[in-house]
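Engineer: So the sequence lines, in the order shown, correspond to chains W and S.
Residue 246 in our numbering sits at position 246 of the first sequence; the count goes up by one each step and never skips.
Residue 259 in our numbering sits at position 259 of the second sequence; the count goes up by one each step and never skips.
Do not rely on the hints blindly, as some may be mistaken.
Claimed, not checked - Below 25 angstroms or equal to it, Euclidean Cα-Cα: the simulated DMTMM-like pairs (lysine to aspartate or glutamate) are:
1. S/K16 <-> W/D122
2. S/K16 <-> W/E137
3. S/K16 <-> W/E140
4. S/K8 <-> W/D349
5. W/K59 <-> S/E309
6. W/K165 <-> W/D132
7. S/K361 <-> W/D87
8. S/K16 <-> W/D132
9. W/K383 <-> W/D349
10. W/K60 <-> S/E15
11. W/K141 <-> S/E40
12. S/K8 <-> W/D143
13. S/K8 <-> W/E140
14. W/K60 <-> S/E217
15. W/K129 <-> S/E15
16. S/K8 <-> W/D122
17. S/K8 <-> W/E144
18. S/K342 <-> W/D132
19. S/K16 <-> W/D143
20. W/K59 <-> S/E40
Honestly, the hints are just simulated from the structure, not real lab data.
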Amino acid sequence: MDKKLNIEICKLERIAKEQLGLDFYPIQFNLVSPGYISQIASFGLPERFIHWDFGREYKKFNRGGGDMKILELVLNNNPAYAYLSKDNTYNENLFVIAHVMGHADFFKNNGNFKKLSQNMVDKAAVNAKIVDMLRVEYGEKIDEYLTSLLSVASSSINSLQYEYKKKENLFYYLYGHAGKNECYQKFLFDMIKEEFEYFDPIYRAQIANEGWATFAEFNILKEYFNPQQWWDFARNFGLRPEVYKLGFEIYNSIYKENGWGKCLDVRMCCDDIAFVQSYLSQNIVNMLKMGFKKDSGKLEIANIDDVISTLVVQKQTKGCPIFTVDTENSEKSGSLYIFYECKPGEELDPLNPRNTAFFKQIYNLWRNDIIFEIYYPDSIKGKEYLYDPEDKIMRIL
Amino acid sequence: MKRINRGKIAEDAHEKLKRSFKDKIDLDLLLQKEKFIDPETHKIKFETDNLYLPRPFLKEEGNGNGSKELVFGDCADCDGTLNIPDNGGGLDNSAGAESSCEVNYVEFSLEEFIKMAQEFLIEDLKLPELNFVMTGGNVKEDREYDDFSRFGALDELDIDQTFEDSLVRHLSEKRTGACILDPKKDGWYWNEIEKKVSDVMVLEEYVMDISGSINPETSKLIRKTVFCLWYYLDKFYQKNERKYIFFNDNAKEVTLEEFLSVEPVGGTRLSEGIKLGYEISQEYRDYNKFFFFFSDLDNSTNDDEAAYEYIERVLEEFDYIYIARVNPNKKNLTGFYKYVEKLSRDNAKIYIFDLNESSIKEMLLYFLGQNGQKIKY
């Protein structure tokens with residue numbers, strides 16, 4: 001790390017801790033190539049098992065296909081690891097150092113992150129080595145099984161669910177019945193579960209986390225920058241993604257109404273749903289011109305309740321239809337009974353090849369009959385389908 | 001310690017998976033180019049089912065969960081859509097699994113498509129692999145990633161053993177000991193000594209008859225042959241000039257895309273195609289020149305004399321001439337066929353053969369075997 005930058009880090013840290021009352025684990029800053037940042041961004045961690053789906057993400061980030069240049073990455077760990085891009089300008093590095101301090105503070109203090117492992121970087125690296133060894137032993141089976149696990153986990157794991165609901169969760173149900181699986185399959189199940197649970201709060205509290213990091217960055221730099229630097233910062237600030245702006249504006253409104261102390265409280269206890277439900281106001285919706293596009297293409301500024309309900313649904317479903325396990329029937333019959341309740345406008349066609357491909361992944365983990373039941377809004381009885389592993393299609397029962 | 005690029009390994013695995021879709025590729029697709037080639041990007045698209053992680057999806061694509069789409073009115077850096085699972089800009093939030101709701105397409109440039117179609121055809125025809133490498137540094141990328149991945153980290157490797165294994169592997173695969181060690185590759189690979197081929201300038205001309213007597217099956221056969229020829233010529237010459245000409249009553253120089261997708265129509269004047277090929281070649285002094293001529297040789301009766309004249313000129317100008325007769329009908333040998341057959345008896349530079357599914361293989365084996373020795377490289 002550059003000596004001059006190290007001095008700046010010390011100064012910024014002093015402002016963050018002494019003047020603003022932030023509290024975070026030591027941060028290890030690393031100046032790395034943009035390619036290495038792309039690698040971490042696509043995998044989620046510096047050393048993680050290899051899978052082709054991360055490769056798709058890596059290509060997107062590395063070839064400039066992503067939405068924007070990645071300036072930094074920070075990992076929830078003790079010590080926190082932060083990676084700054086070598087391509088950043090000097091001032092950009094100062095922005096991201098302050099931003100990282102906001103994230104590190106959020107990781108240490110927010111309730112959603114407190115129960116997480118603070119050593120996931122090392123754990124994932126060990127897991128990656130084991131997966132490499134398993135590949136030597138089992139070959140392509142490992143990648144196929146990982147694809148199935150990633151596929152089901154990414155559409156099922158959601159820690160917003162209550163603990164008792166986990167019994168009905170597709171991934172957790174399969175995990176609970178993985179006793180007969182081979183040893184390597186159990187290991188992969190454990191690994192995916194642990195890693196997905198580590199990542200889940202990041203999604204769960206993304207607006208609150210990014211908003212807090214941006215708000216902290218703003219306040220740290222306000223104390224530190226000269227007018228020329230502030231001008232640079234203002235230009236960069238205007239280009240931040242909308243999630244950052246939304247979070248920032250909510251914290252800013254809390255600060256104006258209730259002071260800095262209240263902001264510190266909010267960052268400790270909120271996930272995104274609580275955050276927007278409690279603190280998003282119509283003023284912010286109007287200011288950010290949040291709304292829904294009409295058929296004519298015109299934007300209609302939304303009512304606060306509509307915005308909140310839309311955000312809550314997005315957070316709960318991760319943009320993906322949620323399948324539930326019928327545990328009673330499954331336990332009785334030994335087959336896997338999955339059901340899905342269609343809401344108006346949320347119809348799902350199980351015969352579509354893309355959905356069939358998903359059932360194929362479930363079958364790969366379950367290895368027994370799969371019965372899928374779909375309930376439509378107006379009908380009392382659901383429609384049943386059976387997955388046929390021979391022809392790899394769904395059949396109507 | 002050198003850091004292993006896990007991203008590159010994963011990207012390579014993704015590319016491999018993409019390439020596994022090559023069995024869906026058929027040259028006929030190019031004939032339906034309106035359907036597959038994007039008019040704006042000129043990319044060739046194939047719909048796939050499992051390039052992204054399979055996830056359940058609703059009938060209404062794009063809405064994801066069926067909710068309304070929330071947008072920001074003055075979003076400066078995007079289309080205004082509030083994209084909650086945002087990966088860019090800082091904190092990475094996912095396990096790389098947020099993309100299943102995207103449209104599942106594989107996209108190839110025309111060049112990529114041709115390379116994949118070539119490999120598919122080479123496998124399909126069971127044509128031989130070239131057992132020599134013309135340029136240095138031809139490392140098999142796949143193997144690199146697999147090997148690193150298998151062993152996990154460089155510092156765990158027994159380098160001496162690795163050197164030995166690598167050399168043995170090299171000798172068995174390449175059947176040559178003429179190699180140098182590339183220190184940048186940590187002794188993991190052996191590169192062939194580079195042969196000086198880069199200075200050789202080559203012109204390839206592909207002249208195709210598109211008159212009405214050439215049916216679609218025949219034109220497909222021609223394309224298949226041309227694809228296979230490119231595959232091998234690419235190995236010899238990295239920077240070849242390639243010219244594509246088609247002719248019926250008139251001749252025209254065309255782009256690769258046109259060459260691949262034209263429909264047969266009109267009469268036949270062989271001299272037109274040969275003449276244009278000759279004229280184009282005049283612009284390429286000091287080149288090695290290959291002339292590939294595909295036709296049923298069913299010429300207009302009043303054109304034979306002109307065709308004889310230009311084929312003689314082409315013979316003087318080009319290093320090798322390959323004349324492939326399609327729709328062979330031995331009972332009705334045309335005047336032009338007899339003329340070039342006589343030429344081929346007297347001149348080793350000209351080859352004439354009947355083109356059908358099985359003769360593609362024979363022709364290429366001949367090209368690689370006997371003629372390959374004569375090619376300057």
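Engineer: Work down the list of hints and note, for each, if the structure agrees.
Structural biologist: Okay, the hints, checked on the actual structure:
Between the alpha carbons of S/K16 and W/D122 the distance comes to roughly 29 angstroms, so the proposed pair goes past 25 angstroms and is violated. Taking the CA atoms of S/K16 and W/E137, the gap is near 21 angstroms; set against the 25 angstroms cutoff, the hint holds. As the CA atoms of S/K16 and W/E140 are separated by approximately 13 angstroms, the hinted pair is consistent with the 25 angstroms bound. With a CA separation close to 36 angstroms, the supplied pair S/K8 and W/D349 exceeds the 25 angstroms bound.
Between the alpha carbons of W/K59 and S/E309 the distance comes to roughly 55 angstroms, so the proposed pair goes past 25 angstroms and is violated. With a C-alpha separation of about 34 angstroms, the suggested pairing of W/K165 with W/D132 is violated against the 25 angstroms cut-off. With a C-alpha separation of about 52 angstroms, the suggested pairing of S/K361 with W/D87 is violated against the 25 angstroms cut-off. Proximity of S/K16 to W/D132 is assessed by CA-CA distance (about 18 angstroms); at most 25 angstroms being required, the pair is judged to hold.
Distance restraint check for W/K383 and W/D349: the Cα-Cα separation of roughly 11 angstroms lies within the 25 angstroms cut-off, and the hinted pair is therefore satisfied. Between the alpha carbons of W/K60 and S/E15 the distance comes to roughly 13 angstroms, so the proposed pair stays at or under 25 angstroms and holds. Note on W/K141 and S/E40: the hinted pairing is violated, with a Cα-Cα distance of about 40 angstroms set against a maximum of 25 angstroms. For the hint linking S/K8 to W/D143, the alpha-carbon distance of about 16 angstroms falls within 25 angstroms, and the restraint holds.
The straight-line distance between the Cα atoms of S/K8 and W/E140 is roughly 18 angstroms, inside the 25 angstroms bound, and the hint therefore holds. For the suggested pair W/K60 and S/E217, the alpha carbons sit about 40 angstroms apart, so the restraint of at most 25 angstroms is broken. As the CA atoms of W/K129 and S/E15 are separated by approximately 22 angstroms, the hinted pair is consistent with the 25 angstroms bound. The suggested pairing of S/K8 with W/D122 holds, with an alpha-carbon distance near 21 angstroms, which does not exceed 25 angstroms.
Between S/K8 and W/E144 the CA atoms are separated by roughly 19 angstroms; this keeps the pair inside 25 angstroms, and the hint holds. Only pairs whose Cα atoms come within 25 angstroms are accepted, and S/K342 paired with W/D132 is rejected, the gap being roughly 64 angstroms. Taking the CA atoms of S/K16 and W/D143, the gap is near 13 angstroms; set against the 25 angstroms cutoff, the hint holds. Pair hint W/K59 plus S/E40 holds up; C-alpha atoms about 22 angstroms apart against a cutoff of 25 angstroms.
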